[in-house]
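Q: Sequence:
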Amino acid sequence: MPRSDLFATLTDVARSQLSRIELRFIDAGGHPRALAFSVPSGSSESSAIHDRISFSARLEHAIGGTIVRATIENRGDDAIRLTAAIFEVETGFAASAPARFFKHGYQSWSSSGGYDVSASQTHPRDAANFITRVNHQSETTRPHEFPEAQTSELFTIVESSVATERVLAGFIGARTSLSTLTVSSPEKIIARAILDDANLAAGAHRELDPLFVAASDESAARLAARWADATGRWMNARVGAPFQRGWCSWYHYFHAITEDALRANLKSLEAMRSEFPLDVIQLDDGFQSALGDWDTTNAKFPGGLKKIVGEIRAAGFKAGIWTAPFLAARDSRVMIDHPDWFIMHAETNEPIRAGHNPNWTSSDDKFAYALDPSNPAFRAHVRHLFTKLTRDFGFSYLKLDFLYAAAAPGRRHDPNLTRGETMRQGLEAIRAGAGEDAFILGCGCPIGQAVGIVDGMRIGPDVSPFWGKTASGAGDPSTVYALDAIIARSFMHRRLWLNDPDCLMLRARKTRLTADERAALAATIVASGGMLLISDDMSLLDAEAAKLFRQVAQIAEEIDSNASREPVLALDLMTTGDVRGLISESGDGDAITMILNRGDSPARVQTSDLKPDAGEIAALDLALDEKIGIFDTIDLPPHSARILRIKR
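Mapped onto my numbering, the consecutive letters of the sequence shown carry residue numbers 1 to 648.
Please note that a few of the clues may not be correct.
In silico lysine-lysine, BS3-like type, Cα no more than 30 angstroms apart, as pairs [stated by the list, open to error]:
#, residue 1, residue 2
1, 647, 547
2, 366, 300
3, 307, 388
4, 267, 300
5, 306, 366
6, 307, 318
7, 388, 306
8, 366, 388
9, 300, 510
10, 627, 547
11, 547, 469
12, 627, 510
13, 318, 366
14, 647, 627
15, 307, 267
16, 469, 366
17, 510, 318
18, 318, 306
19, 388, 318
20, 388, 300
21, 318, 267
22, 366, 510
23, 318, 300
24, 547, 510
25, 469, 318
26, 388, 267
27, 267, 510
28, 627, 469
Taking CB as the label site, the calculated pair distances span [claimed, not checked]:
#, residue 1, residue 2, range
29, 554, 602, 28 to 36 angstroms
30, 647, 564, 15 to 23 angstroms
31, 306, 366, 24 to 32 angstroms
32, 240, 512, 36 to 44 angstroms
33, 415, 240, 52 to 60 angstroms
34, 514, 365, 37 to 45 angstroms
35, 359, 49, 54 to 62 angstroms
36, 303, 119, 49 to 57 angstroms
37, 388, 510, 33 to 41 angstroms
38, 306, 547, 33 to 41 angstroms
39, 578, 119, 14 to 22 angstroms
40, 303, 558, 36 to 44 angstroms
Read the hints as simulated data drawn from the structure, not as lab findings.
None of the values given here were measured: they were computed from a predicted structure.
Built from N, CA and C at the ideal position, the CB exists for glycine as well.
Using the sequences provided together with the hints, build the complete structure.
A: In structure tokens:
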């Protein structure tokens, strides 16, 4: 549905819950200023003006809620710098009653889940190093009134223990800024567009991304899906790509991938096409001559990229490649030849560090630095680069990683752009170079800015060949944390893009995952309906692994085919327990459900908790390849999952 038609066909609601709006800015003299006004109940338009700075908001009742569209105008003679636009939302919940909120993560790897409101004003990342915070927060240092522990990115849901309704507040656009929502007390949500001190010239105006507010007795997961649907429609999400099945080099070879190893797997995949029906072969990190130089290879790939693509395509597969287009190391041509293409530290005038990996560079300096897409010369470079990778070399599947770097704080070439606009301009340049037909997968990416540009998006941290519950943080590689994220963000699939739950590892050797853990990974990935890529040395896989792959691929495609009509939902989006699950309902009342026990102890689940009006239930144990009779309960060993088919 075109964006212009969306709001003309939706249902009005009785009243707005927005109570107050505030603009914060710095005037021409360098003084912090604020312009605020209250929003009368039932009003459709409100505004305030002071010193020829105008801030106005128009309220549209739609999608069972209220959409707020705000505009800033500078009618004065001097430029100002915009700090933030703040929207106060009254939930109607009692401040004294226990409540929870959904804390949505910043980028692909950042954790999402339910938290108690007012539980704490401190968060483990408050004391983390700069690179960790630039990874996982839209601001490396939160303002005091918006503490990280109480702040969600892009959208949030609040539920009270004494109310049947939940309240959602979230930005359904992300073209103009990064955004947060803070829940310090159950009765109020503070939504904030982060404007990064961007210049607003005399006579200029800026329209902000729309804010959506709704109250509903729907489940939290279904309410989140409604937000995702509205966001996807507003931002013209690319949701029409076919189901993706492929092979990736990363989770067996990591940085040690070689041309010979890739070629050996290609030959195996060609010979085993009937056992492993795949479409894409994707070369991951480890081929590049230097971090930042993506069209030339190192000594492990003597034939170069064009030759590799030719062999992949000759074997009947689509060719895919990994890049980190907004990062570069000091030994790259990009950083040596173009030191002015980087985001700079405002005080030291040094490029901003946005990553650290000894495998990425032969330089003594092991840091990776953030490139600046606000610089038109750099945008021209990435556009040309991705034209070369697609049209000259022949890659049609592009995995873009570590994208958060483009939104790192610092001094940019263009002071008129926010960090959100800077990131989006960089992604738009890549899409322009790659063309409309290329499948672009985002990773390590702030969630909102990529909608409408990428076809797929990683929605959790890296999986790993170990369970990983002792990982130092939910953004670190860890299979169990990846499963948490797949469940928490399942509602985005086919609404914002195709979800990428990360790779399935099938091998029983050269892994620390048990049979139950491998099956739990498979069950969670396929129940999400998302992309299905494997990442094993194909010589380690046998007929049993091939049978499992074909079985889960069939289930995943079935769920994916239904996802455009009915979202894949978490059974309880706000839970923090060890038993979690997903459900995909069909139009005729049947459903496919996945139940996961992520904990270290056995668990028992009542079938009545899954679907009270269920008729026949059949369970599949992927680890043992057997169907299990279901009565009133399901027993789950530690680190295991079951796929259930529910028929009325």
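Q: If a hint holds in the structure, say so; if it doesn't, say that too.
A: Now for the hints, and whether the structure bears them out:
1. Restraint check for residue 647 and residue 547: satisfied, since their Cα atoms lie roughly 25 angstroms apart, inside the 30 angstroms limit.
2. A C-alpha spacing of about 20 angstroms is found between residue 366 and residue 300, which places the hinted pair at or below 30 angstroms, so the restraint holds.
3. Taking the CA atoms of residue 307 and residue 388, the gap is about 14 angstroms. The hint holds against a cut of 30 angstroms.
4. In summary, the hint linking residue 267 to residue 300 is supported, as the alpha carbons are separated by about 18 angstroms, within the 30 angstroms threshold.
5. This hinted pair checks out: residue 306 and residue 366 have alpha carbons roughly 29 angstroms apart, not beyond 30 angstroms.
6. Simply put, residue 307 and residue 318 have alpha-carbon atoms about 14 angstroms apart, close enough for the 30 angstroms limit, and the pair holds.
7. Straight-line distance between C-alpha atoms of residue 388 and residue 306 comes to about 10 angstroms, which keeps the hinted pair within the 30 angstroms bound.
8. Among the hinted pairs, residue 366 with residue 388 is consistent with the structure: their alpha-carbon atoms are about 28 angstroms apart, no more than 30 angstroms.
9. At roughly 23 angstroms between alpha-carbon atoms, residue 300 and residue 510 fall within 30 angstroms of each other, so this suggested pair holds.
10. Distance check on the hinted pair: residue 627 and residue 547 sit about 15 angstroms apart at the alpha-carbon level, within 30 angstroms; holds.
11. Between residue 547 and residue 469 the alpha-carbon distance is near 29 angstroms, which keeps this suggested pair within the 30 angstroms criterion.
12. As the CA atoms of residue 627 and residue 510 are separated by approximately 28 angstroms, the hinted pair is consistent with the 30 angstroms bound.
13. Simply put, residue 318 and residue 366 have alpha-carbon atoms about 33 angstroms apart, too far for the 30 angstroms limit, and the pair is violated.
14. The suggested pairing of residue 647 with residue 627 holds, with an alpha-carbon distance near 15 angstroms, which does not exceed 30 angstroms.
15. The suggested pairing of residue 307 with residue 267 holds, with an alpha-carbon distance near 15 angstroms, which does not exceed 30 angstroms.
16. Between the alpha carbons of residue 469 and residue 366 the distance comes to roughly 28 angstroms, so the proposed pair stays at or under 30 angstroms and holds.
17. A distance of roughly 28 angstroms separates the Cα atoms of residue 510 and residue 318; the hinted pair therefore holds under the 30 angstroms criterion.
18. A hinted pair counts as satisfied when its Cα atoms are at most 30 angstroms apart, and residue 318 with residue 306 qualifies at roughly 13 angstroms.
19. Proximity of residue 388 to residue 318 is assessed by CA-CA distance (about 16 angstroms); at most 30 angstroms being required, the pair is judged to hold.
20. In summary, the hint linking residue 388 to residue 300 is supported, as the alpha carbons are separated by about 21 angstroms, within the 30 angstroms threshold.
21. Between residue 318 and residue 267 the CA atoms are separated by roughly 14 angstroms; this keeps the pair inside 30 angstroms, and the hint holds.
22. Of the supplied pair hints, the one linking residue 366 and residue 510 holds, its CA atoms being roughly 29 angstroms apart against a limit of 30 angstroms.
23. At roughly 22 angstroms between alpha-carbon atoms, residue 318 and residue 300 fall within 30 angstroms of each other, so this suggested pair holds.
24. A C-alpha spacing of about 20 angstroms is found between residue 547 and residue 510, which places the hinted pair at or below 30 angstroms, so the restraint holds.
25. For the proposed pair residue 469 and residue 318, the alpha carbon gap of about 35 angstroms is over 30 angstroms, so the pair is violated.
26. The straight-line distance between the Cα atoms of residue 388 and residue 267 is roughly 26 angstroms, inside the 30 angstroms bound, and the hint therefore holds.
27. Taking the CA atoms of residue 267 and residue 510, the gap is about 21 angstroms. The hint holds against a cut of 30 angstroms.
28. Of the supplied pair hints, the one linking residue 627 and residue 469 holds, its CA atoms being roughly 29 angstroms apart against a limit of 30 angstroms.
29. The hint said 28 to 36 angstroms for the Cβ distance between residue 554 and residue 602, and at roughly 29 angstroms that hint holds.
30. Look at residue 647 against residue 564: about 22 angstroms separates their beta carbons, and that is inside 15 to 23 angstroms.
31. Checking the proposed 24 to 32 angstroms range against residue 306 and residue 366 shows it holds: the Cβ atoms sit about 30 angstroms from each other.
32. At about 38 angstroms, the CB distance of residue 240 to residue 512 agrees with the hint of 36 to 44 angstroms.
33. Under the hint 52 to 60 angstroms, the C-beta atoms of residue 415 and residue 240, about 37 angstroms apart, miss the expected range.
34. Between residue 514 and residue 365 the beta carbon distance is about 40 angstroms. The supplied range of 37 to 45 angstroms therefore holds.
35. One distance hint, 54 to 62 angstroms for the beta-carbon pair residue 359 and residue 49, holds here, with the actual separation near 55 angstroms.
36. Remark: the range hint 49 to 57 angstroms for residue 303 to residue 119 is upheld by a beta-carbon distance near 56 angstroms.
37. At about 35 angstroms, the beta-carbon gap between residue 388 and residue 510 stays in the expected band of 33 to 41 angstroms.
38. In this structure the supplied range 33 to 41 angstroms holds for residue 306 paired with residue 547, their Cβ-Cβ distance being about 36 angstroms.
39. Between residue 578 and residue 119 the beta carbon distance is about 19 angstroms. The supplied range of 14 to 22 angstroms therefore holds.
40. In this structure the hint that residue 303 and residue 558 lie 36 to 44 angstroms apart at CB holds, the actual value being about 40 angstroms.
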